Amino acid sequence: MLGKGGKRKFDEHEDGLEGKIVSPCDGPSKVSYTLQRQTIFNISLMKLYNHRPLTEPSLQKTVLINNMLRRIQEELKQEGSLRPMFTPSSQPTTEPSDSYREGPPAFSHLAPPSSHPCDLGSTTPLEACLTPASLLEDDDDTFCTSQAMQPTAPTKLSPPTLSPEKDSFSSALDEIEELCPTSTSTEAAAAATDSVKGTSSEAGAQKPDGPQESRTDDSKLMDSLPGNFEITTSTGFLTDLTLDDILFADIDTSMYDFDPCTSSSGTASKMAPVSADDLLKTLAPYSSQPVAPSQPFKMDLTELDHIMEVLVGS
Amino acid sequence: MLLSLPALHLQTSEHHPFFQLPHGRLGPWCNPTGSPAPLSCETGCGEGSWILVCRLLVPTQVSLLSMEEDIDTRKINNSFLRDHSYATEADIISTVEFNHTGELLATGDKGGRVVIFQREQESKNQVHRRGEYNVYSTFQSHEPEFDYLKSLEIEEKINKIRWLPQQNAAYFLLSTNDKTVKLWKVSERDKRPEGYNLKDEEGRLRDPATITTLRVPVLRPMDLMVEATPRRVFANAHTYHINSISVNSDYETYMSADDLRINLWNFEITNQSFNIVDIKPANMEELTEVITAAEFHPHHCNTFVYSSSKGTIRLCDMRASALCDRHTKFFEEPEDPSNRSFFSEIISSISDVKFSHSGRYIMTRDYLTVKVWDLNMENRPIETYQVHDYLRSKLCSLYENDCIFDKFECVWNGSDSVIMTGSYNNFFRMFDRNTKRDVTLEASRENSKPRAILKPRKVCVGGKRRKDEISVDSLDFSKKILHTAWHPSENIIAVAATNNLYIFQDKVN
Chain A
26 MLGKGGKRKF
36 DEHEDGLEGK
46 IVSPCDGPSK
56 VSYTLQRQTI
66 FNISLMKLYN
76 HRPLTEPSLQ
86 KTVLINNMLR
96 RIQEELKQEG
106 SLRPMFTPSS
116 QPTTEPSDSY
126 REGPPAFSHL
136 APPSSHPCDL
146 GSTTPLEACL
156 TPASLLEDDD
166 DTFCTSQAMQ
176 PTAPTKLSPP
186 TLSPEKDSFS
196 SALDEIEELC
206 PTSTSTEAAA
216 AATDSVKGTS
226 SEAGAQKPDG
236 PQESRTDDSK
246 LMDSLPGNFE
256 ITTSTGFLTD
266 LTLDDILFAD
276 IDTSMYDFDP
286 CTSSSGTASK
296 MAPVSADDLL
306 KTLAPYSSQP
316 VAPSQPFKMD
326 LTELDHIMEV
336 LVGS
Chain B
8 MLLSLPALHL
18 QTSEHHPFFQ
28 LPHGRLGPWC
38 NPTGSPAPLS
48 CETGCGEGSW
58 ILVCRLLVPT
68 QVSLLSMEED
78 IDTRKINNSF
88 LRDHSYATEA
98 DIISTVEFNH
108 TGELLATGDK
118 GGRVVIFQRE
128 QESKNQVHRR
138 GEYNVYSTFQ
148 SHEPEFDYLK
158 SLEIEEKINK
168 IRWLPQQNAA
178 YFLLSTNDKT
188 VKLWKVSERD
198 KRPEGYNLKD
208 EEGRLRDPAT
218 ITTLRVPVLR
228 PMDLMVEATP
238 RRVFANAHTY
248 HINSISVNSD
258 YETYMSADDL
268 RINLWNFEIT
278 NQSFNIVDIK
288 PANMEELTEV
298 ITAAEFHPHH
308 CNTFVYSSSK
318 GTIRLCDMRA
328 SALCDRHTKF
338 FEEPEDPSNR
348 SFFSEIISSI
358 SDVKFSHSGR
368 YIMTRDYLTV
378 KVWDLNMENR
388 PIETYQVHDY
398 LRSKLCSLYE
408 NDCIFDKFEC
418 VWNGSDSVIM
428 TGSYNNFFRM
438 FDRNTKRDVT
448 LEASRENSKP
458 RAILKPRKVC
468 VGGKRRKDEI
478 SVDSLDFSKK
488 ILHTAWHPSE
498 NIIAVAATNN
508 LYIFQDKVN
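Quick mapping for you: the protein sequence lines, in order, are chains A and B. Just so you know, our numbering puts 148 at position 123 of the first sequence, and the rest follows in order with no gaps. Just so you know, our numbering puts 515 at position 508 of the second sequence, and the rest follows in order with no gaps.
Same shape as in the complex, but just chain A (with noise of 0.2 Å):
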């Protein structure tokens, strides 16, 4: 969709479907909607991070951005708050940004529970993690570390199983893929494609009462991000961001290692680099076990790696 007179990639029949914009009623399309909510999600985050600091970032794309992640994380708030077991903890946009300034690492917030409102200890990751999976048939567990664009699980997608629909979103992904620079952000887009294949562009906005798994997931993840989220709302606009504020901010962003060439310049086709490997190192906690005092230890290395990236100018 992308390129410059790119040819189709999928059934000329299924053409009519393009314009439609399918209900999120039926079973595959709760999960889809689920999951592109999910991938927006992702790419807001992205967005936000990755900019290259030489002239200041645009305000308007900012707030616009900041308005996006806010609405998925009051949707996730209000689907996790169904079950109360399972409050979400992502706070309002009110709570102080310093708590998630200081120096250690990214998850170690999850580590206490008692700090939280929500109780993850009651929830096994491992549990939660299955259940999407239970949910999407016959895809394994992998598929719900892939939501994060865990590059190795797509291969294990077998695309008949989710909806047929392969509409004109991930073929326009397909193109964003093959316009993408660097290997790693292919690897990435390529997550990004094959997590939402089957995904219907235009869910629509309506809340899916769907099963409670992928709400808790859906909290999980945004339980694991929080930290992410307020950085971007506190930091996106209000400060100058500058890379003091990238350097001791919540480390999280520490894995969206983005490559320093890309053009600040706007050009059409920008896909953030994303290092598969350190979002694997980061995910991998969470599909295995719960949270133990040995990751953050492993995320202070990667923390450290990145500000020695910096810091050296590489």
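No lab work stands behind these hints: they were computed from the structure. Be a bit skeptical, because a hint or two may be false.
In silico negatives: residues of chain B with every beta carbon more than 12 Å from chain A [to be verified]:
hint : residue
1    : Q125
2    : P151
3    : I161
4    : S348
Listed next, the in silico DSBU-like pairs over lysine-lysine satisfying Cα-Cα at most 35 Å (straight line) [claimed, not checked]:
hint : chain 1 : residue 1 : chain 2 : residue 2
5    : B       : K414      : A       : K55
6    : B       : K189      : B       : K206
7    : A       : K55       : B       : K471
8    : A       : K55       : B       : K456
9    : B       : K206      : B       : K157
10   : B       : K465      : B       : K443
11   : B       : K462      : B       : K189
12   : B       : K117      : B       : K471
13   : B       : K474      : B       : K514
14   : B       : K192      : B       : K474
15   : B       : K198      : B       : K117
16   : B       : K471      : B       : K336
17   : B       : K514      : A       : K102
18   : B       : K157      : B       : K198
19   : B       : K443      : B       : K198
20   : B       : K317      : A       : K102
21   : B       : K198      : B       : K317
22   : B       : K414      : A       : K102
All values derive from a computational prediction rather than experimental measurement. Here a beta-carbon is modelled for each residue, glycine too, at the ideal position from N, C-alpha and C.
Following the hints, complete the assembly by docking chain B onto the known chain A.
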């Protein structure tokens, strides 16, 4: 120093396959007095009758061409100008504006340069060459700066140019980048004084001891020289990026709007301005809305409007209070629940707002539509035009590649009967408000034979694609027409496509 394209005068009016004109004649459908053109019902948008007058490049490239009169422009088009390697990012046109008579056309580019084109005067010998615009003046308006406090670059890209009405022989325009507004004076010089006493002809000082007689310097004609001088620099008044400037109808003041504030300036005073709108919240974390465009009313010097990223327009009256945070009128259309999506808010963000010449209506452009509002009705627009609704199903991809944040502008024609805006793939759209007909045209090099009639384009949204149609997936989203301008009284339009400026006019028999 632009080569005028040889005018290939087409003999007969070609009947366009889409729109057959009922009568052979094409009357002027833009009445200079501002009332709706009487023939608009017949000619519509004149869809079959837009012809390319000239395609202009920034002079740095054109200067490499020779200046011979009889050069074969088509040969040059094929060999030289078509070579993309000469186009640099600094040449991307970022704003286009006619002056109040339409005689001059100013463009600003990403490199901080302003290029002014002047309309070729009508002459008996070459009557068909009227309507072409040639370079009149070029100057560097803004330079890149560095903000040391924030360690950030300030782009020199010209965001907006606004002309002042002409009050003497010189022309005045305002040009702005993200932070600084400058008032430029463009004047002609065709005489120079000769015969100084203390200086010799080359300008060197003469030794006073050698001067034996005194003489009075006389003015002698010289080659016409157009010079641009910065007369005022209005700096350091905006924390955020300036997106609009608008000259007031009193011609003494103007306003500049950034994301959160609007300031009112007097042309004579550069070291202070009045803040008339401030929407910055006390806690920046609560910020959810920014100002996207602002404009003064064309006749009432106390009234202005500003649009927001949430799709609202506020009309303010400066007589009500010094700080116009409380609006006088609030224009917002309720959201259509059937079209709700994740991107509803983003696509409702207004990228441009323009008063009609009459002052009765305002036109707003959001991502997918153009809306016309009556100032007397706040709850919904009176007209809504779909610019490229086929993109509605692509919003997620467009969000990913940032195209959804593109800021398209919109313009009225002189009589407020036709509105025009840009789209992707170098398409631009015109909507006739009276006949409700619309047309999609393309500004491209492939189709730009001089005096060639523009063929309407069509995007197919599904099903079978006809021969001349282009499918949505084949659209080139890097070729976007964000900036267009319409001559104030005639049917001449200027369309900026990356680094090319196309000038079209309606064909007159």
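Determine which of the earlier numbered hints do not hold for this structure and return their numbers in increasing order.
2, 3, 4, 8, 9, 11, 12, 14, 16, 17, 18, 19, 21
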